[in-house]
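The residues making up each chain are set out below.
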Amino acid sequence: MSETILKVQDIHKSYGDLEVLKGISFEVKQGETKVIIGPSGTGKSTLLRCINQLTPPDKGCIWLNGVELTDHKVDINKARSSIGMVFQDFNLFAHLKALDNVLIGLIKVKKMEKQKATELAVEELRRVGLEDKASSYPAELSGGQQQRLSIARALAMNPKLILFDEPTSALDPELIGEVLEVMISLAREGMTMLVVSHEMGFARSVANEIIFMENGVIIEEGPPRQLFSRPKHKRTGEFLNKITELYGESGK
Amino acid sequence: MGFEELYYLLKGALVTIELVAGALGLGLVIGIPMAVGQVYGNKPVSKAVSFYVWFFRGLPLLVLFFLFYFGLFTLINLDLSAFAAASLVMGMRSAAYQSQILRGSIQSIGSGQMLAARSIGMSKSRAIWHIILPQALRLSIPGWSSEYSGILKDSAVAYALGVMEILTRANFISSRTYKPMPAFLACAAIFLILTYIGVKSLNLLEKKVRIPGYGERREI
Ligand SMILES: Nc1ncnc2c1ncn2[C@@H]1O[C@H](COP(=O)(O)OP(=O)(O)OP(=O)(O)O)[C@@H](O)[C@H]1O
Ligand SMILES: [Mg+2]
Numbered sequence: 001m002s003e004t005i006l007k008v009q010d011i012h013k014s015y016g017d018l019e020v021l022k023g024i025s026f027e028v029k030q031g032e033t034k035v036i037i038g039p040s041g042t043g044k045s046t047l048l049r050c051i052n053q054l055t056p057p058d059k060g061c062i063w064l065n066g067v068e069l070t071d072h073k074v075d076i077n078k079a080r081s082s083i084g085m086v087f088q089d090f091n092l093f094a095h096l097k098a099l100d101n102v103l104i105g106l107i108k109v110k111k112m113e114k115q116k117a118t119e120l121a122v123e124e125l126r127r128v129g130l131e132d133k134a135s136s137y138p139a140e141l142s143g144g145q146q147q148r149l150s151i152a153r154a155l156a157m158n159p160k161l162i163l164f165d166e167p168t169s170a171l172d173p174e175l176i177g178e179v180l181e182v183m184i185s186l187a188r189e190g191m192t193m194l195v196v197s198h199e200m201g202f203a204r205s206v207a208n209e210i211i212f213m214e215n216g217v218i219i220e221e222g223p224p225r226q227l228f229s230r231p232k233h234k235r236t237g238e239f240l241n242k243i244t245e246l247y248g249e250s251g252k
Numbered sequence: 001m002g003f004e005e006l007y008y009l010l011k012g013a014l015v016t017i018e019l020v021a022g023a024l025g026l027g028l029v030i031g032i033p034m035a036v037g038q039v040y041g042n043k044p045v046s047k048a049v050s051f052y053v054w055f056f057r058g059l060p061l062l063v064l065f066f067l068f069y070f071g072l073f074t075l076i077n078l079d080l081s082a083f084a085a086a087s088l089v090m091g092m093r094s095a096a097y098q099s100q101i102l103r104g105s106i107q108s109i110g111s112g113q114m115l116a117a118r119s120i121g122m123s124k125s126r127a128i129w130h131i132i133l134p135q136a137l138r139l140s141i142p143g144w145s146s147e148y149s150g151i152l153k154d155s156a157v158a159y160a161l162g163v164m165e166i167l168t169r170a171n172f173i174s175s176r177t178y179k180p181m182p183a184f185l186a187c188a189a190i191f192l193i194l195t196y197i198g199v200k201s202l203n204l205l206e207k208k209v210r211i212p213g214y215g216e217r218r219e220i
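Residue numbers (our numbering), protein chains in the order written: chain A, 1 to 252; chain B, 1 to 220.
I should point out that these hints are in silico values taken from the structure, not numbers from a laboratory. Given the structure is predicted, the values throughout are model-derived calculations rather than measurements. Even for Gly, the Cβ is constructed at its ideal location relative to N, Cα and C. Be careful, since some hints might not be right.
Stated by the list, open to error - The calculated lysine-lysine pairs, modelled on DSS-like cross-linking and capped at a C-alpha distance of 30 Å, are: (1) B:K43 x A:K73; (2) B:K124 x A:K108; (3) B:K200 x A:K59; (4) A:K7 x B:K124; (5) A:K78 x A:K108; (6) B:K200 x A:K97; (7) A:K97 x B:K208; (8) A:K97 x B:K124.
Claimed, not checked - Here are a few chain A residues that sit away from chain B, every Cβ distance over 12 Å (derived from the structure): (9) K7; (10) E19; (11) S25; (12) E27; (13) P39; (14) C61; (15) V67; (16) S81; (17) E123; (18) G129; (19) P159; (20) A187; (21) P224; (22) E238.
Please put together the full structure from these sequences, using the hints given.
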């Protein structure tokens with residue numbers, strides 16, 4: 001049994017009168033990939049932001065490697081540097097070249113010396129197939145390249161866990177594959193990942209478990225095969241059928 | 001107007017340049033924290049900045065000059081030269097304008113930049129310094145261009161305090177030679193040239209620090 005990296009317990013979050021998360025609990029173990037699916041507005045992005053405390057939850061606890069992140073005494077910047085985050089619209093630092101996008105966290109957050117940091121950053125660029133784009137600005141890269149760069153930026157921090165928020169939703173269909181490929185190889189290398197995505201091909205081939213969320217609660221959680229063939233809830237089956245129709249099965 | 005008068009006037013141009021540079025510099029140094037405070041600070045901070053901006057933008061420069069130079073500075077026994085007083089007041093006033101130029105730029109930067117910076121473990125202040133400001137300052141250059149030309153023209157109001165800038169000197173020449181036209185024409189020419197040089201330099205700066213994907217010429 002591998003150890004638990006992330007433990008999410010009874011997370012609640014409201015925006016005004018709207019209760020977005022209504023008590024979410026689950027765990028992610030070392031080396032696991034979990035995929036979160038669910039209709040738009042269900043609170044998937046909010047949940048990811050609650051996990052790394054970009055949006056502090058109203059109630060509930062988050063543990064990363066046994067350290068409680070929801071504890072106010074914890075150095076949250078330090079904790080956050082060990083949780084990677086990949087956004088739907090990349091959010092690359094627009095004024096920095098590709099290499100510097102990867103470097104800045106190493107130098108300004110991890111206080112690594114320039115030369116060592118550069119070697120590491122170049123290595124991460126190579127890992128996502130962007131070694132020849134080191135001196136390009138984000139605006140000079142294709143969507144797929146931008147997303148791979150943002151994965152490299154997250155990887156450089158040597159995270160214990162990477163959160164992906166619909167990493168391929170902003171991409172043209174022909175660019176989705178190159179990003180999924182990087183993610184698949186990360187999963188195979190044993191990276192612990194929590195991925196909001198409707199790419200069912202990806203989910204089926206690498207996810208240990210799929211979490212189906214609706215209206216701020218987890219409806220069902222289980223291995224992909226189980227959810228596809230005999231879901232416990234009727235809604236799960238309906239939703240899976242719908243997104244498989246909509247998104248196809250790329251990334252298999 | 002002879003060579004000697006022109007030389008005298010050009011020395012005034014130097015005073016004007018110093019006055020404008022001092023005011024712009026001071027305005028930048030105060031304006032940056034003001035803009036940051038207004039966008040990221042708590043309520044009292046952003047209220048205080050709004051009040052400051054309202055005050056300094058709401059009063060004519062001449063009123064500010066008199067209020068501070070003859071009023072406040074005398075009251076608190078601050079013995080400043082007319083030049084120093086003019087730089088200081090124009091700098092404080094420019095801070096009000098510059099802070100609003102920069103605030104607009106900061107607010108035009110998508111919230112994703114801050115999110116991404118925080119997500120790799122940067123503190124808020126580090127994220128502002130390393131990610132937000134470098135982008136916002138670039139976006140502010142066109143705004144500074146108009147702030148520069150505005151301040152340059154306003155600097156002539158320092159005439160009222162007896163600062164030996166271009167207009168004050170042109171006026172001396174005019175009354176000594178009884179020929180106002182050449183003196184004031186030369187004065188006008190110097191202002192126009194200084195405007196041109198400044199705006200041109202800022203355009204060059206804008207090009208030099210331009211980043212692909214930021215503030216480019218639009219094809220459509
Ligand atoms: N900062 C905010 N202020 C107010 N309401 C918010 C905020 N962020 C999210 N919400 C609301 O919370 C709900 C859940 O949003 P969230 O973005 O988490 O959903 P999602 O499951 O990620 O949806 P999508 O699939 O469209 O990305 C939505 O109704 C949204 O309008
Ligand atoms: Mg979302």
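Evaluation of the provided hints:
no. : hint            : verdict
1   : B:K43 x A:K73   : 25 Å, holds
2   : B:K124 x A:K108 : 13 Å, holds
3   : B:K200 x A:K59  : 56 Å, violated
4   : A:K7 x B:K124   : 26 Å, holds
5   : A:K78 x A:K108  : 12 Å, holds
6   : B:K200 x A:K97  : 27 Å, holds
7   : A:K97 x B:K208  : 15 Å, holds
8   : A:K97 x B:K124  : 22 Å, holds
9   : K7              : 20 Å, holds
10  : E19             : 23 Å, holds
11  : S25             : 23 Å, holds
12  : E27             : 22 Å, holds
13  : P39             : 23 Å, holds
14  : C61             : 20 Å, holds
15  : V67             : 14 Å, holds
16  : S81             : 3 Å, violated
17  : E123            : 17 Å, holds
18  : G129            : 21 Å, holds
19  : P159            : 9 Å, violated
20  : A187            : 20 Å, holds
21  : P224            : 28 Å, holds
22  : E238            : 33 Å, holds
The structure does not agree with the numbered hints 3, 16 and 19 stated previously, though it agrees with the rest.
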